[in-house]
Amino acid sequence: MAKSALLKSSIAKKYWMALTGLFLCLFLAGHLAGNLQLLVPNNALNFNQYALFMTSNPAVKLLSYLTYISILFHAIDGILLTIQNKKARPIGYAKTDGSSSSFASRNMAVLGTIILVFIATHMVNFWAKMHFDKNMPLMTKTIEVQGNKQVFYVGTQVGQYFPVEQVAKEGEKLEQGMMPKQFVIKNKTELHYSQADVKTADLYKDLYKITLDFFKDAKYGLYFTIGYVLAMLALAFHLWHGFQSAFQSLGANSSKLTPAIKFFGKAFAIVVPLLFAIIPVILHFKK
Amino acid sequence: MSAAKNININLKIWRQKNASSKGSMETYKLDNVSTASSFLEMLDQLNEQLINEKKEPVAFDHDCREGICGMCSLYINGRAHGPDTGITTCQLHMRMFNDGDTIYIEPWRSKAFPVIKDLVVDRTAFDRIQQAGGFVSVNTSGNTIDANSIPVPKDDADKAFEAAACIGCGACVATCKNGSAMLFVGAKVSQYALLPQGKVEATNRVLNMVRQMDEEGFGNCTNTGACEIECPKGISLENIARMNREFLKASVK
Ligand code: HEM
Ligand code: SF4
Ligand code: FES
Chain R
1 MAKSALLKSS IAKKYWMALT GLFLCLFLAG HLAGNLQLLV PNNALNFNQY
51 ALFMTSNPAV KLLSYLTYIS ILFHAIDGIL LTIQNKKARP IGYAKTDGSS
101 SSFASRNMAV LGTIILVFIA THMVNFWAKM HFDKNMPLMT KTIEVQGNKQ
151 VFYVGTQVGQ YFPVEQVAKE GEKLEQGMMP KQFVIKNKTE LHYSQADVKT
201 ADLYKDLYKI TLDFFKDAKY GLYFTIGYVL AMLALAFHLW HGFQSAFQSL
251 GANSSKLTPA IKFFGKAFAI VVPLLFAIIP VILHFKK
Chain L
1 MSAAKNININ LKIWRQKNAS SKGSMETYKL DNVSTASSFL EMLDQLNEQL
51 INEKKEPVAF DHDCREGICG MCSLYINGRA HGPDTGITTC QLHMRMFNDG
101 DTIYIEPWRS KAFPVIKDLV VDRTAFDRIQ QAGGFVSVNT SGNTIDANSI
151 PVPKDDADKA FEAAACIGCG ACVATCKNGS AMLFVGAKVS QYALLPQGKV
201 EATNRVLNMV RQMDEEGFGN CTNTGACEIE CPKGISLENI ARMNREFLKA
251 SVK
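If you read the sequences in order, they're chains R and L.
Using full-length UniProt numbering, the first residue of the first sequence is number 1, and each one after it goes up by one.
Using full-length UniProt numbering, the first residue of the second sequence is number 1, and each one after it goes up by one.
Read the hints as simulated data drawn from the structure, not as lab findings.
Predicted model, so just to flag it, every value in this text is computed and none were measured.
A portion of the hints provided could be inaccurate.
Claimed, not checked - Covered by chain R, according to a simulated footprint, are these stretches of chain L (three or more residues, beta-carbon under 8 Å): (1) 103-114; (2) 158-172; (3) 176-186.
For every residue, glycine included, the Cβ atom is placed at its ideal position computed from N, Cα and C.
One chain only, chain R, in its complex shape (with noise of 0.2 Å):
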């Protein structure tokens, strides 16, 4: 019986939405500050670092894979006490009046459907690129050498500069030209000498270069920035009712505690998703 209660009764739904909805709030905060660094004047290499070790510190693996499944659970458990509570009220009121509730609180679904549909945009756009996509940019740094602007490959140990010209794609023909090439990339962001094939170094994968290009894009960039702008709006609504919420449905509720809670609720669900939008309207009107 206590079993089952606590994965199929009301209140033992509302615990993981509760649970969920606040891991999520923490993973906000954290993307935030990568984010962020997209702001800091000729920040590519830095954010390129940070964009590598997200994809590839195993602690940060693990909290990504609780994110993922947090964000699924949390979105269906929602959808489905959603349906659950309309079917709660099969004939409707011929008249209402929304004064006893709250605009975000009453929208909780709406709000957070705009947010699934947002996430799922965005990791086509972004993390899918990182992740999976064969022909995601490699970071290259302009130098220049006597006098003559060349471009180079950077690995990720410091000091490793590799010209460009010297570099193989995975599959194309070493010897073009004069000079056979002296490099090859395997495995997307692994370089080997070509000659003797023991690998050289690593390359950054050019987060930097995909996120600034795609909200300065001639075309599509406005609509891109608005987009976002207007997912964090409602981001900042399902905060607004959302974390308080999640206090209440665990059951803290005090008269002591409750009003700190509402206060740094709100002001949570001001600042993170103001702070996220201002990134891409900035990146998008810089020149």
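Position chain L with the ligands against the provided structure of chain R, taking the given hints into account.
Then chain L with the ligands, alone, in the frame of chain R:
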């Protein structure tokens, strides 16, 4: 207080012959309603008019007409128990309305509260929840113990008393967008959970009452807080949080 006057109003009232018929909103005109009369007296006046016209009077629930029985379940102009807060429908007065107003009167809408006739709904789902755990065991062997022999901290006693003020009217369910009964159940769980006498059955009480609540088809609370605002007895959301704590404690036991 301003002097009473007479107003003319339009009424839109849900009419439904019986539990299985379909029902619809019907319009009535009622003249010369004294603003000094109560809302239920206004309905009495309407019914007199309908009877004189040889029409079926409007069925609505009421009993004490002084805010303690919880029978007068009317959804008026989009709000449980109508405009004004902290009152039941029988405590609502016609001075809250103006000449020429159109007033919507509907039954509580909840899958768990089916309409029996017109504005009367079946609220026995609440009784079944109460029967599932809303009681304490008492020693009936003759050696009756004075109630005050068990010390109870004043703060707990006050909170238990506030929770026990719930009259089971169902306004919380009616007003909740999810048709959730958690304010009612939260109050009923709390009034015992706070007192030493309630500790004996605490574990089974919360599990059984919540299970019965779910089986009756009430929705899930999303903490909109509308129930707390419309509750005539000022039952607070703290009671739902307490139920959630009790439920967690009982589930892991
Ligand atoms: C980063 C993303 C998200 C965060 C930080 C977040 C956070 C939260 C929090 C803290 C709550 C309150 C939980 C409670 O009342 O116990 C909540 C509720 C809710 N969320 Fe989300 N959420 C996110 C995404 C989503 C998505 C993608 C959906 C998809 C449909 C969704 C649907 C809902 C619904 C329907 C509720 C109300 C459920 C209820 O109160 O029972 N959320 N969310
Ligand atoms: S909690 Fe308030 S609104 Fe709900 S049944 Fe009790 S008295 Fe009525
Ligand atoms: S008739 Fe008893 S509370 Fe209104």
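Against the structure, the hints come out as follows:
{"no.": "1", "hint": "103-114", "in the structure": "holds (count 6)"}
{"no.": "2", "hint": "158-172", "in the structure": "violated (count 0)"}
{"no.": "3", "hint": "176-186", "in the structure": "holds (count 5)"}
Checked against the numbered hints given earlier, the structure breaks only hint 2 and satisfies all the rest.
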